[in-house]
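Colleague: Chain by chain, the residues:
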Amino acid sequence: MTTFTIEAPMPGVFYRSPDPEDPPFVEVGDSVSAGDTVALVGVMKNFYDVTSEKDGVVSEIIAENEAEIEAGAGLITLELDD
Amino acid sequence: MIRVLDGGLSTTVQDDGRFGHYHIGMPPSGAMDQYSHTVANYLVGNDPSDATLEMTYKGCDLRFEEDTVIALAGATMAGELAGESVPMWESVEVEAGDELSMQFATEGARTYLAVAGGIDVEPVMGSRSTYTLVGIGGYDGRTLAEGDTLAVGDADTGGLTGRTTPSNAVPSYDDSDPIRVVLGLCDYRLTDESREELCSEPWKVKADADRVGYRLEGVDIEFEPRDQPFGAGPDPSNVVDLGYPVGSIQVSTLPIVLMRDAVTGGGYATVGTVVSSDRNLLGQRRTHEEVYFESVTVDEALDARHEEQALLDEVRESLA
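Note that the protein sequences, when read in sequence, are chains A and B. The letter at position 25 of the first sequence is residue 24 when you use numbering that gives the first Met the number 0, and the numbering goes up by one with no holes. The letter at position 186 of the second sequence is residue 185 when you use numbering that gives the first Met the number 0, and the numbering goes up by one with no holes.
To be clear, the hints were calculated from the coordinates, so they are not data collected in a lab. A virtual CB, placed ideally from N, CA and C, is assigned to each residue, including glycine.
Here are the computed distance ranges between Cβ atoms for each label pair:
{"no.": "1", "chain 1": "A", "residue 1": "P23", "chain 2": "B", "residue 2": "D302", "range": "49 to 59 Å"}
{"no.": "2", "chain 1": "A", "residue 1": "V27", "chain 2": "B", "residue 2": "D191", "range": "45 to 55 Å"}
{"no.": "3", "chain 1": "A", "residue 1": "A33", "chain 2": "B", "residue 2": "P86", "range": "26 to 36 Å"}
I would like the entire structure built from these sequences, with the hints used as guidance.
Modeller: What follows is the structure, encoded as C-alpha cells:
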C-alpha cells in the first residue's frame with residue numbers, strides 16, 4: 000500500500016475543523032478525494048484550506064489540533080487507492 | 000488591465016504610504032517591506048510612489064490583458080508565467096493573455112509584484128495603499144479576490160525587460176540577523192532586568208502577526224511598580240496617552256511591534272522603536288521565526304537609514 004503525506008504549505012496554526020464547535024474535516028479511516036479540504040492553516044487571522052492532492056484513506060493525523068506548524072510539516076497521511 | 004484569477008492568502012495594493020494624516024489617527028499603510036517594493040518598482044522603470052501588489056505567504060494568480068513588464072522582489076516565491084518559471088529580482092516581459100501563477104513564500108513572508116506604470120487604483124487621501132481595517136484605499140479597501148480587475152498606468156516599456164538587481168542589493172531574511180531598535184519613549188517604566196531581556200532574549204513571531212502589529216512571545220516583561228498618574232489606566236503597563244511611533248514596541252505583558260496599519264496612539268507603554276530600515280526586514284519575518292532586538296542610538300538608526308537609501312540609489316543607478 001502506498002502512502003502519501005499532506006504537508007503544510009505555510010507556517011501557522013493547524014486546525015482540524017472549520018469551527019471549534021464543528022466536527023473535524025477528516026478522521027482516521029475516512030476516504031478523501033483529490034481537492035477535498037482536510038484541514039485549515041491559520042496565519043495573520045486568515046485561514047487557508049489545506050486540500051488533498053490525491054484520493055485515499057486517512058491513515059494518520061500527524062499534527063495536533065491547534066498546534067503551531069512550520070511550512071513543510073507533515074499534517075495527514077493517506078493510504079492511496081490502488 | 001490585469002484580471003485576478005485567485006487572490007492568494009492576502010494580496011493588497013500598496014505604495015510608499017499615506018502621509019500627513021497621522022494626527023487624525025490615520026496610519027501610513029503602504030508596503031510592509033518598502034525596500035523590496037522600491038526595488039520592484041525600479042526594475043520596471045517606476046517611481047517608489049507607484050503602487051505594487053503585496054502578496055503575503057501565498058501569491059495570487061493573474062491574467063494580463065495587455066503587453067507589459069513586471070518584476071517580483073521580496074520573499075522568495077516560485078511562480079510560473081505562461082508556463083515558464085519566473086525569476087525574482089528581475090524584470091520580465093509579459094504578453095497580453097499571459098497567466099501568472101504564484102506559489103507559497105519559501106523564504107521571507109511578502110513578495111512585491113511591480114507592473115510598469117504601476118497599479119492604477121484611485122488614490123484615497125493621497126495614497127493608493129490599502130488599509131483593510133477600515134476598508135479604504137487600494138482595491139475597494141480590501142484584499143484581492145477572484146474576478147477583480149486592476150487598471151495599469153501608462154508606461155513606455157521599451158528596454159525594460161531583463162533588468163536585474165545587483166547581487167549585493169538582494170537581502171537575506173535570516174532570522175538570526177538582529178532587528179535594531181532605539182529604546183524609548185517609555186522604557187523607563189521597565190525593570191532593569193526586563194530592559195536588559197528585551198534586547199538579549201529571543202522573541203518569537205506569533206501566528207496572528209499581521210500588517211497591524213507583530214505580536215511576539217518570549218519572556219514576561221515586568222514594569223517598575225508605581226502609583227499610576229492621573230490619566231493613566233490602572234495596569235502597570237499603562238501610561239498617560241501618547242502618540243505611537245510607527246515601529247514602536249508596545250508592551251502589555253508581551254511586546255507588539257506596531258506596523259504600518261497600526262493605531263497611532265494610546266496608553267500602552269512603548270518601550271522602543273524598530274529603526275526604519277529594519278522594519279522592512281521585520282515585515283519579512285515569518286510566523287514562528289525568531290526576533291532578536293539590538294539596542295542602537297538615534298545616530299546609528301539614521302546611519303542605517305542612510306545606508307539603505309544609498310543601496311537603493313545604487314540599484315536605481317545600475318538600471319539607468
